[in-house]
Every structure is written in structure tokens, then in C-alpha cells.
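> In the order they appear, the protein sequences are chains A and B. Reading the first sequence from the start, the letters are residues 1 to 112 in the working numbering. Reading the second sequence from the start, the letters are residues 1001 to 1112 in the working numbering.
Hint data in this document are derived by calculation from the structure and do not stem from the laboratory. One or more hints might be untrue.
To be verified - Label pairs and their in silico Cβ distance ranges:
1. A:THR77 <-> B:GLY1016: 50 to 56 Å
2. A:ARG41 <-> B:ALA1081: 25 to 31 Å
3. B:LYS1009 <-> A:ALA82: 41 to 47 Å
4. B:ARG1095 <-> A:GLU53: 17 to 23 Å
5. A:ARG41 <-> B:ILE1060: 28 to 34 Å
6. B:SER1073 <-> A:GLN14: 31 to 37 Å
7. A:GLU15 <-> B:GLY1040: 19 to 25 Å
Quick caveat, the model's predicted, so the values are computed rather than measured. Where a beta carbon is used, it is the ideal one built from N, C-alpha and C, also for glycine.
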Amino acid sequence: SQQGEEDPQALSIQEGENATMNCSYKTSINNLQWYRQNSGRGLVHLILIRSNEREKHSGRLRVTLDTSKKSSSLLITASRAADTASYFCATDHLAGNTPLVFGKGTRLSVIA
Amino acid sequence: DGGITQSPKYLFRKEGQNVTLSCEQNLNHDAMYWYRQDPGQGLRLIYYSQIVNDFQKGDIAEGYSVSREKKESFPLTVTSAQKNPTAFYLCASNRAARETQYFGPGTRLLVL
């Protein structure tokens, strides 16, 4: 029951460039979260945006949410080689107390 | 240190054998989760538990079993019925279903 779908599947950029990843989902949500996973490690929470918010910032991260289009984007500005990782969006269901549903992720490679 | 731990880091299973993956948290979280991740793929939910002595099947529960006898612990058994168990297994926890999940470092299961 995949709710979120990230796009693109893979992204390769040069250090210093900005990286944009997108997430589309199917049903109404309470909030949307972005996580990061370094190779062979567990996921780490980056940022949560609520359904009544349109934009949120955290350091070099900027997340937007468009509930009318059921989509979100994660922008990493001035990327660094250390940003190389997979990035996942996770959504909940508006109704019910059910677990988060994770997308398949975007693999970001930042080349020094 | 507060956190979530998984052991072992690597586990080898012989054909026909049941193996158990450990997951412990000291975050006082009510909810715990098990995910399976195949190479280059997203997370698929195996089982989750929102309270002690209760758990629910996720999307791919066949061939797996769990128990939740203590709040801190949520072990996962990969039974011999799981014919393709080779994967990376992640445990996570949170205070409630929609909230931020905290992940363990993962266990990589390999079949001999």
C-alpha cells in the first residue's frame, strides 16, 4: 500500500548545486515527513510539514507542500558530498491511527 | 543514551531455520515497527505494535512472526516459511502512529 512516490528515482549533481526531490501521494493526509538514509544505515528524520503548512525550512532544507496537488518537494541548497544518501517521504492517512507509509525514495549522489 | 538498538548487525540463516532479530528501545515509545528493505527499494511494513501485548500485520507479514511482551522490546522471527528472507531489516518506534519514527541501525539477513 504505497502512498508516497518519490521522483526522480535517482539524482546526480555537482557539489554546490541545489537538489530537488518530489513526492506525490494519493489520499488526504495530516502531515508529511522526509527522512534520509545513508547506505546500510537506518533512516533519520529530517523534517515534518503539516497539512495546513505550505513551506518549512530547516538549515539548508526547504520543504513545500501542495495539498491540492497532493505533492511535496524537498530542496537541499548548496549540496555537499555528505548529502549523498537516499531520501524518503512518509505520509499518514487523514482518517485512522495507522502507521506512516514510506515511498521508494530518491537516491541522491553529490559529486565533489 | 536514548535510542533504538538492533542486533545482530549481520545474521546468517540456514535453509529451514527460524531466526530472531532483536529490537530494543529506551525512548518510552508505545509503538514499534518492523520493515523490510530490498536493495534499491523502499521500506515495506512487516508488523507493527501500538501497545504491549498487541500487534498487527503489515503489508508483507507472511513468513514472519513477532511478540510484544514488554514495551521496550519487539523481536521479529523470520520463519522457515519465508522463502526469500535475504534483505535489510529495520526496526523503528514512535510515541504514536502519525508521529516521527526513530530507526535502529538495521540487521542484514543473509541465507547460507
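> Tell me, in ascending order, the numbers of any earlier hints that this structure violates.
3, 5 and 6
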